[in-house]
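Q: Sequence:
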Amino acid sequence: MHDCAKGLPADTQRKLASLYLAECSCAESASRFCDDINLVHGPASAYVAKKEANVIQGELLNAIACHSTAKPNMTALEQIIFLADKIAYDRTFDRLVDIRAAAETGRLAVAMKRCLEEVFLALRRDEITPHPLSIAAYEEYAHL
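When we follow numbering that gives the first Met the number 0, the leftmost residue of the sequence shown carries the number 0, and every step to the right adds one.
Treat the hints with caution; some may be incorrect.
Said to hold, decoys possible - When the alpha-carbon atoms are kept at most 20 angstroms apart in a straight line, the in silico EDC-like pairs for lysine to aspartate or glutamate are as follows:
| hint | residue 1 | residue 2 |
| --- | --- | --- |
| 1 | K14 | D35 |
| 2 | K5 | D97 |
| 3 | K50 | D89 |
Unchecked claim - DEER-style ranges, computed between Cβ atoms:
| hint | residue 1 | residue 2 | range |
| --- | --- | --- | --- |
| 4 | R31 | L120 | 18 to 28 angstroms |
| 5 | H142 | N53 | 37 to 47 angstroms |
| 6 | D97 | L18 | 34 to 44 angstroms |
| 7 | T74 | E22 | 16 to 26 angstroms |
No lab work stands behind these hints: they were computed from the structure.
Just so you know, even glycine gets a beta-carbon here, dropped at the ideal spot from N, CA and C.
Put together the whole structure using the sequences plus the hints.
A: Take a look at the structure:
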């Protein structure tokens, strides 16, 4: 469900993401989400889940919306959805085995820290600036 809008046209994803972000008072993040096709499917998918699949549980919608970026103060469910997306078995990157092991043994904070570090390395290689929510999320785990 977290990727249900991913296959939609980019303009449709942007429109749905804007609608979701406006509903949840996330206007400050809307432009960064909507400008990046790699991120926009998260809030777009949350909108689709809410409107078409009748998902009403806020924590699940938030987990779907931020599964590409992470965010500060993530619940265990939000961390699990983020990590499941990043460490899926079709993914390959350094420390993947370590991140999976941490997640599978319930050390979600450690897995989040390591996973965000790997995301930042990949973004840096592509000369992409991380989303502010990703940076803020990492700051919560940096001390581990």
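Q: Go ahead and decide if the range 34 to 44 angstroms is satisfied by the Cβ distance of D97 to L18.
A: holds, 38 angstroms
Q: Take a look at whether the Cβ-Cβ distance between R31 and L120 falls inside 18 to 28 angstroms.
A: holds, 20 angstroms
Q: Just tell me: holds or violated, for the beta carbon distance of T74 and E22 against 16 to 26 angstroms?
A: holds, 19 angstroms
Q: Sort out whether D97 lies within 20 angstroms of K5, counting only the CA atoms.
A: violated, 28 angstroms
Q: Starting from the hint 37 to 47 angstroms, judge whether the C-beta atoms of H142 and N53 obey it.
A: holds, 40 angstroms
Q: Do the alpha carbons of K14 and D35 lie within 20 angstroms of each other, as the hint requires?
A: holds, 13 angstroms
Q: Are the Cα atoms of K50 and D89 separated by 20 angstroms or less?
A: violated, 29 angstroms
Of the numbered hints given earlier, the model fails hints 2 and 3; all others are met.
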